[in-house]
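**Q** Here are the chains, one letter per residue:
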Amino acid sequence: MTMPALQFDQVSKRFPGVRALDGVSFAAEAGRVHGLLGENGAGKSTLLKILGGQYRPDGGRLLLDGEECRFASAGDAIRAGVAVIHQELQYVADLTVTENMLLGRLPRRAGLFVDRRAARERVAACLRETGVDLDPDARLATLSIAQRQMVEICKAVLQDARVIAFDEPTSSLSHRETEILFRLVRSLRDQGRTLIYISHRLEELYALCDSCTIFRDGRKVAAHPVMADVPRERLIADMVGRELSDIYDYRARPRGAPRLEVRGLRSAVGGPIAEGQDFSVHAGEVLGFFGLVGAGRSELMRLLYGADARAGGEVRLDGAAVATAGPRAAIEAGIVLCPEDRKEQGILAQASIAENINISVRRHELRAGLFLRHRREAERADAFIKRLRVKTPDRHQQIRLLSGGNQQKVILARWLAEPGLKVLILDEPTRGIDVGAKNEIYGLIHEVAASGCCVIVISSELPEVLGIADRVIVMRDGAISGELPRAQANEAAVLSLALPDMTTTKNSGAPQ
Amino acid sequence: MTTQTLAKLPGRSTFWQDYSLPLGYAVLFVLLALSVDGFFSAVNIVGLLLSVAQIGMVACTMMLCLASRDFDLSVGSLIAFSGVLGALLLQQTHSLAIAIGGGLVAGALIGALNGALIAYLRINALIATLATMLMVRGLAFIVSHGQSVGIADATFIGFGDAQVAGLPAPVLLAGGCFVVFGVLLNHTVFGRNTLAIGGNPEAARLAGVRVERLRVWIFALQGLVTAMAGLMLAARITSGQPNAAQGFELDVISACVLGGVSLAGGKARIFGVLVGVLIMGTLANVMNLLNVDVFYQYLMRGLILLAAVLLDQLHSRGGRA
Numbered sequence: 017m018t019m020p021a022l023q024f025d026q027v028s029k030r031f032p033g034v035r036a037l038d039g040v041s042f043a044a045e046a047g048r049v050h051g052l053l054g055e056n057g058a059g060k061s062t063l064l065k066i067l068g069g070q071y072r073p074d075g076g077r078l079l080l081d082g083e084e085c086r087f088a089s090a091g092d093a094i095r096a097g098v099a100v101i102h103q104e105l106q107y108v109a110d111l112t113v114t115e116n117m118l119l120g121r122l123p124r125r126a127g128l129f130v131d132r133r134a135a136r137e138r139v140a141a142c143l144r145e146t147g148v149d150l151d152p153d154a155r156l157a158t159l160s161i162a163q164r165q166m167v168e169i170c171k172a173v174l175q176d177a178r179v180i181a182f183d184e185p186t187s188s189l190s191h192r193e194t195e196i197l198f199r200l201v202r203s204l205r206d207q208g209r210t211l212i213y214i215s216h217r218l219e220e221l222y223a224l225c226d227s228c229t230i231f232r233d234g235r236k237v238a239a240h241p242v243m244a245d246v247p248r249e250r251l252i253a254d255m256v257g258r259e260l261s262d263i264y265d266y267r268a269r270p271r272g273a274p275r276l277e278v279r280g281l282r283s284a285v286g287g288p289i290a291e292g293q294d295f296s297v298h299a300g301e302v303l304g305f306f307g308l309v310g311a312g313r314s315e316l317m318r319l320l321y322g323a324d325a326r327a328g329g330e331v332r333l334d335g336a337a338v339a340t341a342g343p344r345a346a347i348e349a350g351i352v353l354c355p356e357d358r359k360e361q362g363i364l365a366q367a368s369i370a371e372n373i374n375i376s377v378r379r380h381e382l383r384a385g386l387f388l389r390h391r392r393e394a395e396r397a398d399a400f401i402k403r404l405r406v407k408t409p410d411r412h413q414q415i416r417l418l419s420g421g422n423q424q425k426v427i428l429a430r431w432l433a434e435p436g437l438k439v440l441i442l443d444e445p446t447r448g449i450d451v452g453a454k455n456e457i458y459g460l461i462h463e464v465a466a467s468g469c470c471v472i473v474i475s476s477e478l479p480e481v482l483g484i485a486d487r488v489i490v491m492r493d494g495a496i497s498g499e500l501p502r503a504q505a506n507e508a509a510v511l512s513l514a515l516p517d518m519t520t521t522k523n524s525g526a527p528q
Numbered sequence: 063m064t065t066q067t068l069a070k071l072p073g074r075s076t077f078w079q080d081y082s083l084p085l086g087y088a089v090l091f092v093l094l095a096l097s098v099d100g101f102f103s104a105v106n107i108v109g110l111l112l113s114v115a116q117i118g119m120v121a122c123t124m125m126l127c128l129a130s131r132d133f134d135l136s137v138g139s140l141i142a143f144s145g146v147l148g149a150l151l152l153q154q155t156h157s158l159a160i161a162i163g164g165g166l167v168a169g170a171l172i173g174a175l176n177g178a179l180i181a182y183l184r185i186n187a188l189i190a191t192l193a194t195m196l197m198v199r200g201l202a203f204i205v206s207h208g209q210s211v212g213i214a215d216a217t218f219i220g221f222g223d224a225q226v227a228g229l230p231a232p233v234l235l236a237g238g239c240f241v242v243f244g245v246l247l248n249h250t251v252f253g254r255n256t257l258a259i260g261g262n263p264e265a266a267r268l269a270g271v272r273v274e275r276l277r278v279w280i281f282a283l284q285g286l287v288t289a290m291a292g293l294m295l296a297a298r299i300t301s302g303q304p305n306a307a308q309g310f311e312l313d314v315i316s317a318c319v320l321g322g323v324s325l326a327g328g329k330a331r332i333f334g335v336l337v338g339v340l341i342m343g344t345l346a347n348v349m350n351l352l353n354v355d356v357f358y359q360y361l362m363r364g365l366i367l368l369a370a371v372l373l374d375q376l377h378s379r380g381g382r383a
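Going line by line, the protein sequences match chains D and W. Under my numbering, the residues of the first sequence are numbered 17 to 528, in order. Under my numbering, the residues of the second sequence are numbered 63 to 383, in order.
The hints are simulated quantities; they were obtained by calculation from the structure and are not laboratory data. Note that the coordinates shown come from a computational prediction; the quantities given were computed from them, not determined experimentally. Ideal Cβ placement from N, Cα and C applies to all residues, glycine included. Be careful, since some hints might not be right.
[Claimed, not checked] Cross-link-like lysine-lysine pairs, in silico, DSS-like; alpha carbons within 30 Å at most: (1) D:Lys359 x W:Lys329; (2) D:Lys438 x D:Lys402; (3) D:Lys359 x D:Lys402; (4) D:Lys359 x D:Lys438; (5) W:Lys329 x D:Lys402.
[To be verified] Just some of the chain W residues that point at chain D, by a computed CB distance under 7 Å: (6) His249; (7) Asn262; (8) Leu268.
With the hints as extra help, turn the sequences into a complete structure.
**A** If you want it as structure tokens, here you go:
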């Protein structure tokens, strides 16, 4: 074997009280895609931050083509030919593709004026070379998330990065966009670059990676030189540290009478839900909502919850109409929502775990109708931390310092605490969450449904929807395109309803 | 079972982060008491407290505004307007109830208007309250024809002069505000939800907080308390002055920021605000005792504000590591 293009040798990194990386060694050869796996907090992101020059290791060496590197800043890493594409993309929305790709390095004339033509030509050539179809003059604000990501990748290519690392690049991409990304990654690999790829989605790792390394609790626990040879169960067991036979843990439940009925719901704020939508959920049922990104699933749930204004339609729960006055009215009726974007819409980042749990339910127990009951709130928080196994020193911890999975558990606790809970809506409940926490959240979903509540789960991950739902509703272009009971819900059937294609239009004419 | 070693996470507030400001003030106080002649005397301390009574009252509600990620520039104008209005109503009706009630209601309404502009019409708080600041100052001049409005009513003037246990009424009233708003902030849904909408308005809304309504209430309270401070000032100076309290809003916001209230919202401590107000008052008091030129006082106040904010940033950066 030749010398690895990238090598970590006994790298360690500590934070106050946490050993994020503990003597990790890891090597990657050029011309291959290397997957990094592990639960949240396993150390993958710390590794990437060391690679990208954001963190300095406390011990150990980082070698590029056998030469030791010490990056004091992100700039050092870029100059050494390393680019890291983070989950949170780094761009200036009001600048063009060209300006973003050459940010800080725009070619000049007479040392002062931007040489626009030269800049544009360089960028256009780079886009051509990488096969990315984008207008160099488009402003980033007008592009989709996927396109902005392409810009960032092309920027790495333009900087002549030999090592390109991706941190969960597909978490907000649709199927098709993911395919385009994969094609780009493979072509970068074939050019002889070294690629590092982090994802929670095992399907993707199998589709893309040549080899993989698995981390747990800041240590390397396994390395598999040939990805295709590793069975799925083995990967999961390595990551979680135990066997997880069926992470969905589906158990059939008796289905009760219809509880939630939605009729003719449509949006007043624009967006995809232009036509009235109908559906219903039964007591004890887990209803899965699947659709491509932009199909309108989240928007429909926001309408149901009263988060966005309705132009028409009604929601009936146990036969009674639900007021339309906003989220608070929905909560009073027993309908609650865990939003898709945990960070922006779910958590109160600076507040404690206890505060995040109690924010809504405390209204039922005020002393003299005005004063908080601090002890009861503390007891509730402690009870939920224990029951949902939230990993935290105590209830006073700020929620922003928890991992994604633990944050999600806290948001779930907020709603499980509601005494009148009837409908639990979960929008992408496991996005960016590790396998172990996923498994626990699926367990909770079943628990809530078994108690007679309705559970609605939106997910972009088809196996997840198929794994946990009693029934699947598929959306396409802002409308419900079909409905499948668990027995008939398979990948092909769901996808044929979700994709804007020929099969359904042939049978039933135009969908709208 | 996922029993994994529980990592102790960074970012908890520590003893020093929580108490550095009050301890710093205590040290400053002792140093001044030892070194500045005439500082540590009952007369001077009461005078000091009296000088920050108005700022203290309004800082309580400004704290709520800032905690909800808004702020209010109109309080200085409202102090003047409510004083002028109270004095005029007293002249016309000779009724204390009408004068005080009228001033308070006008203040609450102007505050609620600010809140409605910001919450429902979604006008940026800076612009909305800048506009009301100008309009309310204009109103104060219009109703008073630009003249100060004298107050003859002895009972009304008495409110400004009255003393209980050696403390003047304005100081007691300000103290009362700190207690009431401390309880409101820490022990009621109102206070917690105020912090929640400041921290993340959208998340708070989806968690069931009626964000718009709450904003209007916060500003209405701000108006009410500001009008109270305005009437108190009018009683003390025995007249309603249309050009009173120029720049007052900036003093109040400075005191809050000194006290650790984050302009980004979501963070507030009533005790911190109290210390912030006291620091402002103490520095002005000492500079007067030392006969420091007013021009230099401005310079010092600005420097101290900057220093306090920089310190605070160092703290929070340290916590983020």
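**Q** For each hint, tell me whether it holds in the structure or not.
**A** Taking the hints in turn, this is what the structure says about them:
1. Taken as a hint, the Lys359 of chain D and Lys329 of chain W pair is honoured in the structure, with Cα atoms around 18 Å apart against an allowance of 30 Å.
2. Our distance criterion of 30 Å between C-alpha atoms is met by Lys438 of chain D and Lys402 of chain D, whose separation comes to about 23 Å.
3. With a C-alpha separation of about 23 Å, the suggested pair Lys359 of chain D and Lys402 of chain D falls inside the 30 Å cut-off, and the hint holds.
4. For the proposed pair Lys359 of chain D and Lys438 of chain D, the alpha carbon gap of about 25 Å is at most 30 Å, so the pair holds.
5. Distance check on the hinted pair: Lys329 of chain W and Lys402 of chain D sit about 28 Å apart at the alpha-carbon level, within 30 Å; holds.
6. Checking His249 of chain W against chain D by beta carbon gives a least distance of about 5 Å; that is within 7 Å, so the hint holds.
7. Taken as an interface hint, Asn262 of chain W checks out: its beta carbon lies about 6 Å from the nearest beta carbon of chain D, inside 7 Å.
8. The restraint placing Leu268 of chain W at the interface with chain D holds, with a minimum CB-CB distance near 5 Å, inside the 7 Å limit.
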